[in-house]
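Asks: Letter by letter, the chains look like this.
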Amino acid sequence: MFKKGLVLRFPAEIVDQPIVWRLVKDFDLSFNILKATILPGKEGIMVMELSGHPKNVSKGLQYLRDLGVEVKTVGQEIKRNEDLCIHCGACTAVCPTGALSVDRETMQVVFDPDRCSACELCVTACVVRAMEVRLEREAL
Amino acid sequence: MGEFKVRKTIDEINEKIRRGEAVVVTAEEMVKIVKEVGPEEAAREVDVVTTGTFSPMCSSGAFINFGHTVPTIKAYRVWLNGVPAYAGLAAVDIYLGATEPVEDDPLNKVFPGEFRYGGGHVIHDLVAGKKVYLKAVAYGTHCYPRKEYEAEITLKDLPYAVLCNPRNAYQNYNCAINLSDKTIYTYMGILRPKAANANYATAGQLSPLLKDPYLKTIGIGTRIFLGGAKGYVIWAGTQHNMKVKRTEKGAPLTPGATLMVIGNLKEMDPRWIVGTSHLGYGCSLAVGLGIPIPILNEEVAMYAGLGDEDLFTQVVDYAYDYPNGIKRNYGIVSYAELKSGKIKVLDKEVPTVPISSYVRAKEIAEILKDWIKKGEMLLTEPVAPIPGADLFPFRSSG
Ligand code: SF4
Ligand code: SF4
Numbered sequence: 001m002f003k004k005g006l007v008l009r010f011p012a013e014i015v016d017q018p019i020v021w022r023l024v025k026d027f028d029l030s031f032n033i034l035k036a037t038i039l040p041g042k043e044g045i046m047v048m049e050l051s052g053h054p055k056n057v058s059k060g061l062q063y064l065r066d067l068g069v070e071v072k073t074v075g076q077e078i079k080r081n082e083d084l085c086i087h088c089g090a091c092t093a094v095c096p097t098g099a100l101s102v103d104r105e106t107m108q109v110v111f112d113p114d115r116c117s118a119c120e121l122c123v124t125a126c127v128v129r130a131m132e133v134r135l136e137r138e139a140l
Numbered sequence: 001m002g003e004f005k006v007r008k009t010i011d012e013i014n015e016k017i018r019r020g021e022a023v024v025v026t027a028e029e030m031v032k033i034v035k036e037v038g039p040e041e042a043a044r045e046v047d048v049v050t051t052g053t054f055s056p057m058c059s060s061g062a063f064i065n066f067g068h069t070v071p072t073i074k075a076y077r078v079w080l081n082g083v084p085a086y087a088g089l090a091a092v093d094i095y096l097g098a099t100e101p102v103e104d105d106p107l108n109k110v111f112p113g114e115f116r117y118g119g120g121h122v123i124h125d126l127v128a129g130k131k132v133y134l135k136a137v138a139y140g141t142h143c144y145p146r147k148e149y150e151a152e153i154t155l156k157d158l159p160y161a162v163l164c165n166p167r168n169a170y171q172n173y174n175c176a177i178n179l180s181d182k183t184i185y186t187y188m189g190i191l192r193p194k195a196a197n198a199n200y201a202t203a204g205q206l207s208p209l210l211k212d213p214y215l216k217t218i219g220i221g222t223r224i225f226l227g228g229a230k231g232y233v234i235w236a237g238t239q240h241n242m243k244v245k246r247t248e249k250g251a252p253l254t255p256g257a258t259l260m261v262i263g264n265l266k267e268m269d270p271r272w273i274v275g276t277s278h279l280g281y282g283c284s285l286a287v288g289l290g291i292p293i294p295i296l297n298e299e300v301a302m303y304a305g306l307g308d309e310d311l312f313t314q315v316v317d318y319a320y321d322y323p324n325g326i327k328r329n330y331g332i333v334s335y336a337e338l339k340s341g342k343i344k345v346l347d348k349e350v351p352t353v354p355i356s357s358y359v360r361a362k363e364i365a366e367i368l369k370d371w372i373k374k375g376e377m378l379l380t381e382p383v384a385p386i387p388g389a390d391l392f393p394f395r396s397s398g
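First to last, the sequence lines map onto chains R and X.
If you read the first sequence in UniProt numbering, its first letter stands for residue 1, the second for the next number, and so on.
If you read the second sequence in UniProt numbering, its first letter stands for residue 1, the second for the next number, and so on.
Just so you know, not all the hints are guaranteed correct.
[As the list claims (entries may be wrong)] Derived DSSO-like pairs (lysine-lysine); straight-line CA-CA distance at most 30 Å: (1) R:K79 x X:K339; (2) X:K130 x R:K3; (3) R:K59 x X:K109; (4) X:K182 x R:K79; (5) R:K3 x X:K131; (6) X:K131 x R:K79; (7) X:K109 x R:K3; (8) R:K79 x X:K130; (9) X:K362 x R:K79; (10) X:K342 x R:K79; (11) X:K194 x R:K55; (12) X:K245 x X:K32; (13) X:K109 x R:K72; (14) X:K243 x X:K8.
[Said to hold, decoys possible] On the chain R side, residues computed to face chain X include the following (Cβ under 10 Å): (15) M1; (16) P54; (17) L84; (18) C88; (19) M107; (20) V109; (21) T124.
[Claimed, not checked] What the simulated footprint calls covered on chain X by chain R, stretch by stretch (three residues with Cβ under 8 Å from a Cβ of chain R suffice, anywhere in the stretch; the number is not a length): (22) 46 to 59; (23) 336 to 343.
These aren't lab readings, by the way, just hints derived from the structure by calculation.
All C-beta atoms in this analysis are idealised placements derived from N, C-alpha and C, irrespective of residue type, glycine included.
Generate coordinates for the entire structure from the input sequences, incorporating the hints supplied.
Replies: See below:
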């Protein structure tokens, strides 16, 4: 599933609106709030992960921006869940940087994080969802 | 059958297995042996060759009986973790198909759909010992008055659960390219425009039916590795076709034979039964399957020794030709070329992408080898050939 790490800054006039709820309901997104400071009548800050279909995520972000919410994305990194990966190779069809490649001797699929641009194309291309998006720790 | 120089019977081979003296090698090892000493000598030396494949295999599913409830129910519609199962069998018998998406899946409404959960995932969850939520509705009869039933079930508690796959182990498959100028999302994986990648789906020299191309040893009743347990071949699979174009050595150039297989879901291992999601296409189930080949004579040895450079497939366009049923190919390539990472199509170098796990296929061949070496699995004589095939004699050595 497509996931984005976000820092949202809500202007004081809208902190009391059910904005996150609308993201879930109208855009079919799910969220995970990592940090939130919202005081009624004052500006609010929220750090969250937003996930869903990529097209819905971008629509949701547009909705936030239209409301006057300042949206910043948090740095993300891609990790492979080694327990899940079945070494099929399907992800190598989309990886633009060669971070995912097939070792021709063993036919193992190798993931080299140093070559990864975090484009996330492999996340939904992987048939067992072994490629996971994580937020870079220092951002939080 | 006087024409063979080497003749072994299934009983002789099984006797050697029982004594722990059988020579068992993987299909990959057999390729080297046949190359070095030739099929005749290889047939003398080797008793069994093990094969394997691990790949998403549509046309898989499970028959489940969830047990009679009190009061009784004749289930009319059934869902497992929200995935519809076919209930039109009997009161509490259902069939759960691998490609059935969860009931409220957005499918391809926002394209390409992710298909995150479906029948294959439910089967994996069951095999992994997870709790699965069952819901059944009914119209009520005198003998089955109940109209609704909801319960958490686990595989352990189910009275009966078998994996029964109508089509597995496809003998060979197309190599897919996309000649249009837009990315397409297919059961052969993601195909980037203008033939930017070529996807292929077979483990080549490890793949079970490529190592016995005329099904002269594999038949109805053959005991196999299925999902980590022992299973059986029960019939030809759907779309099974023996009348295909072949190489001089007998290897099919196009999709050919298929098998219908069965095994006890309760004995399976979640490592070998894995739900899969294919972007823009749907969900499925990756099935681990391996077949032991008894080396009855030098002809069996010759086939089992076919290597990646002896096995070929055709390159097919999935943007226009495949959906429109146009039988055209853009060349024939060997599995050796495919595995090298590049093939030539329309005078252009195209990177290849495997979608079947060679690493896991090899692991299956090794497990099967281990079972047979330890005497944990004996080989079987099929009770009948697969329709369209002829078996070698398994008993008469004269
Ligand atoms: S995120 Fe992009 S660059 Fe990184 S491995 Fe996945 S596809 Fe390759
Ligand atoms: S598609 Fe997923 S399972 Fe297959 S090799 Fe890539 S990361 Fe592993």
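Asks: All hints are to be evaluated individually against the structure, with a verdict given for each.
Replies: Results of checking the hints against the structure:
1. R:K79 x X:K339: Answer holds: K79 of chain R to K339 of chain X is near 26 Å, not above 30 Å.
2. X:K130 x R:K3: holds (26 Å)
3. R:K59 x X:K109: holds (15 Å)
4. X:K182 x R:K79: Holds - the C-alpha atoms of K79 of chain R and K182 of chain X are around 28 Å apart, at most 30 Å.
5. R:K3 x X:K131: holds (27 Å)
6. X:K131 x R:K79: Given pair K131 of chain X, K79 of chain R holds - Cα atoms ~28 Å apart, limit 30 Å.
7. X:K109 x R:K3: Distance ~19 Å between K109 of chain X and K3 of chain R Cα, so the pair holds.
8. R:K79 x X:K130: Holds, because 25 Å separates the two Cα atoms, which is no more than 30 Å.
9. X:K362 x R:K79: Holds. K362 of chain X to K79 of chain R sits at ~25 Å (cutoff 30 Å).
10. X:K342 x R:K79: Between K342 of chain X and K79 of chain R the Cα gap is close to 27 Å, so the pair holds against 30 Å.
11. X:K194 x R:K55: Within the cut-off at roughly 25 Å; holds.
12. X:K245 x X:K32: OK: K245 of chain X and K32 of chain X at ~26 Å, within 30 Å.
13. X:K109 x R:K72: holds (28 Å)
14. X:K243 x X:K8: At roughly 28 Å apart (the allowed maximum being 30 Å), K8 of chain X and K243 of chain X satisfy the hint.
15. M1: Cβ of M1 of chain R sits 7 Å from chain X, so the hint holds.
16. P54: Cβ of P54 of chain R sits 9 Å from chain X, so the hint holds.
17. L84: holds (8 Å)
18. C88: holds (4 Å)
19. M107: holds (4 Å)
20. V109: holds (8 Å)
21. T124: holds (5 Å)
22. 46 to 59: holds (count 3)
23. 336 to 343: holds (count 3)
The structure fails none of the hints (numbered hints given earlier).
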